[in-house]
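J.: Using the sequences provided together with the hints, build the complete structure.
All the letters of the sequence shown, read from the start, carry residue numbers 11 to 477 under our numbering.
The hints are simulated quantities; they were obtained by calculation from the structure and are not laboratory data.
Hints may be right or wrong, so weigh each one.
Claimed, not checked - When the alpha-carbon atoms are kept at most 35 Å apart in a straight line, the in silico DSBU-like pairs for lysine-lysine are as follows:
id	residue 1	residue 2
1	Lys-177	Lys-165
2	Lys-344	Lys-311
3	Lys-477	Lys-61
4	Lys-225	Lys-344
5	Lys-225	Lys-395
6	Lys-241	Lys-477
7	Lys-241	Lys-311
8	Lys-116	Lys-92
9	Lys-472	Lys-395
10	Lys-344	Lys-247
11	Lys-395	Lys-344
12	Lys-241	Lys-225
13	Lys-116	Lys-60
14	Lys-247	Lys-371
15	Lys-55	Lys-477
16	Lys-218	Lys-165
17	Lys-177	Lys-234
18	Lys-344	Lys-241
19	Lys-157	Lys-177
20	Lys-472	Lys-311
21	Lys-395	Lys-381
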Amino acid sequence: MQKELIKQEQEETISAVCTALGEGAIGIIRVSGEKALAVGEQIFKAASGKKLAAYAPNTLVYGHVLDTDGSVVDEVMAVYMKSPHSYTAEDVVEIQCHGGVRSLQKILTLSYAAGARPAEPGEFTKRAFLNGRIDLVQAEAVMDIIKSRSDAALKVAVRQQEGQLSKQVRGLRRELLDVIVNLEAVIDYPEDDIEEITFGNVLTEVNKTVGGVNKLLENAHTGKILREGLKVAIIGKPNVGKSSFLNFLLKEDRAIVSEFAGTTRDVIEEQFLLGGVPLVLADTAGIRDTEDYVERIGVEKSRRILSEAELAIVVLDGSQPLADEDREILELVKGRWYVIIINKSDLGSADVKADLPEEFKTAPVIELSAKTGEGFEAFTEWLQKFVYGDDRHLGDGIYVQNARHERLLQNALTSMNDALAAAEAHLPYDCIMIDLRNAAEYLGEITGDAVRDEIINEIFSKFCIGK
Numbered sequence: 011m012q013k014e015l016i017k018q019e020q021e022e023t024i025s026a027v028c029t030a031l032g033e034g035a036i037g038i039i040r041v042s043g044e045k046a047l048a049v050g051e052q053i054f055k056a057a058s059g060k061k062l063a064a065y066a067p068n069t070l071v072y073g074h075v076l077d078t079d080g081s082v083v084d085e086v087m088a089v090y091m092k093s094p095h096s097y098t099a100e101d102v103v104e105i106q107c108h109g110g111v112r113s114l115q116k117i118l119t120l121s122y123a124a125g126a127r128p129a130e131p132g133e134f135t136k137r138a139f140l141n142g143r144i145d146l147v148q149a150e151a152v153m154d155i156i157k158s159r160s161d162a163a164l165k166v167a168v169r170q171q172e173g174q175l176s177k178q179v180r181g182l183r184r185e186l187l188d189v190i191v192n193l194e195a196v197i198d199y200p201e202d203d204i205e206e207i208t209f210g211n212v213l214t215e216v217n218k219t220v221g222g223v224n225k226l227l228e229n230a231h232t233g234k235i236l237r238e239g240l241k242v243a244i245i246g247k248p249n250v251g252k253s254s255f256l257n258f259l260l261k262e263d264r265a266i267v268s269e270f271a272g273t274t275r276d277v278i279e280e281q282f283l284l285g286g287v288p289l290v291l292a293d294t295a296g297i298r299d300t301e302d303y304v305e306r307i308g309v310e311k312s313r314r315i316l317s318e319a320e321l322a323i324v325v326l327d328g329s330q331p332l333a334d335e336d337r338e339i340l341e342l343v344k345g346r347w348y349v350i351i352i353n354k355s356d357l358g359s360a361d362v363k364a365d366l367p368e369e370f371k372t373a374p375v376i377e378l379s380a381k382t383g384e385g386f387e388a389f390t391e392w393l394q395k396f397v398y399g400d401d402r403h404l405g406d407g408i409y410v411q412n413a414r415h416e417r418l419l420q421n422a423l424t425s426m427n428d429a430l431a432a433a434e435a436h437l438p439y440d441c442i443m444i445d446l447r448n449a450a451e452y453l454g455e456i457t458g459d460a461v462r463d464e465i466i467n468e469i470f471s472k473f474c475i476g477k
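T.: So this is what it looks like as structure tokens:
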């Protein structure tokens, strides 16, 4: 039933505004489907008097969009792209008009009256996928390109849109399918089976695929940060310079700074780039026991922000000995990713680093001054290394950015490890094949080679209309 519905949707001609709504120099209406040319010719009249079909495909044609009464709606350019040489691999007509809201909405309404229907979110890209022009990874990369927060994120998204990740995943899936085919042959022709060789081949080949999946997962941490931004919480007791640290990073007085403890009573969040790393940075209220009702709310919120953060920046006062409050805050980051900042290096050192509890002696520690900026370069270098590794910049490898891809890779890895355990225990071949088929299915879901219709619909529903 679901497949029939998708087929019916594909047979319909769709239309949408594919530029951002609002005032602009140019707006574009895209029409895609079997009737795209008919819809375009009904609402567009070329200045030459010729039909749009009379021009070579992919030729921009000057003319006007006319209302049903023959009056001019707008002066436009139109282009006809013949299947399969278009974004959707269908017949497509695009009309470029002035970027006013009324003009765009009027032309869109006329396209509906001419036989198109409103496109659903992501339906143009969905059709490109269903028509085989791109795979599911490439389709999802389209939105990653649109939402890129940094040059590095854009570069990774473009690589995925070009098919680098798809090629790698398909290669890994093909390795598993080869093992499955060999096992099926052994089951069908048991007289030719040599048990030790068969189990040995399974272990060798599947371990090779496990290595490939692990390599992809190694870069998933970096990929996720590039796509979504690194969620960072700045924590510490009151008056250690958390707000000064934030202000220096932002190069503006975003947070109030004073010599009085408890100035920051709420969480201040900012998104920005530091050394090519996209950050979602939260300056929290000083964590301490307090009788002040408003400050207590801020402290509880700070604890919640810390629990959600991927990296904690623990700020200590380098001009004073380590206090019990500092030790309590350090306890909060145990088992988490964190870096210790010893602030106020310009005021002299109380040798806080030497006073750190034993389990924090090997932790990353950076001494700096939020007042003078001394030490910030070292912090930026540490952050780049944390995200990108020792090279401190985006390499040429494949970075998994999408949480869906990471989850499916983890599932595939689990199934392959189960298959390896079964092979080591010399369990029946059927047991091994069940796990290998599951692993191949998970990898196929990434590229769309093996994916349910409802998953496809869910993915594209997150796209914007017109894309």
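J.: Each hint needs a verdict: does it hold in this structure or not?
T.: Status of the hints after comparison with the structure:
A C-alpha spacing of about 17 Å is found between Lys-177 and Lys-165, which places the hinted pair at or below 35 Å, so the restraint holds. A distance of roughly 19 Å separates the Cα atoms of Lys-344 and Lys-311; the hinted pair therefore holds under the 35 Å criterion. Between Lys-477 and Lys-61, the direct Cα distance comes to roughly 27 Å. Compliance with the 35 Å bound is thereby established for this hinted pair. The suggested pairing of Lys-225 with Lys-344 holds, with an alpha-carbon distance near 27 Å, which does not exceed 35 Å.
Of the supplied pair hints, the one linking Lys-225 and Lys-395 holds, its CA atoms being roughly 18 Å apart against a limit of 35 Å. For the given pair, Lys-241 sits about 28 Å from Lys-477 by alpha-carbon distance, which is consistent with the 35 Å threshold. Between the alpha carbons of Lys-241 and Lys-311 the distance comes to roughly 15 Å, so the proposed pair stays at or under 35 Å and holds. For the suggested pair Lys-116 and Lys-92, the alpha carbons sit about 25 Å apart, so the restraint of at most 35 Å is met.
Between the alpha carbons of Lys-472 and Lys-395 the distance comes to roughly 32 Å, so the proposed pair stays at or under 35 Å and holds. Taking the CA atoms of Lys-344 and Lys-247, the gap is about 17 Å. The hint holds against a cut of 35 Å. For the hint pairing Lys-395 with Lys-344, the CA-to-CA distance comes to about 21 Å; that is within 35 Å, so the pair holds. Note on Lys-241 and Lys-225: the hinted pairing holds, with a Cα-Cα distance of about 24 Å set against a maximum of 35 Å.
As the CA atoms of Lys-116 and Lys-60 are separated by approximately 23 Å, the hinted pair is consistent with the 35 Å bound. Pair hint Lys-247 plus Lys-371 holds up; C-alpha atoms about 20 Å apart against a cutoff of 35 Å. Taking the CA atoms of Lys-55 and Lys-477, the gap is near 26 Å; set against the 35 Å cutoff, the hint holds. Taking the CA atoms of Lys-218 and Lys-165, the gap is about 28 Å. The hint holds against a cut of 35 Å.
Taking the CA atoms of Lys-177 and Lys-234, the gap is near 20 Å; set against the 35 Å cutoff, the hint holds. At most 35 Å may separate the alpha-carbon atoms for a hinted pair to count; Lys-344 and Lys-241 meet this at roughly 17 Å. This hinted pair checks out: Lys-157 and Lys-177 have alpha carbons roughly 23 Å apart, not beyond 35 Å. Our distance criterion of 35 Å between C-alpha atoms is met by Lys-472 and Lys-311, whose separation comes to about 30 Å.
For a cut-off of 35 Å, the pair hint linking Lys-395 to Lys-381 stands: about 24 Å separates their Cα positions.
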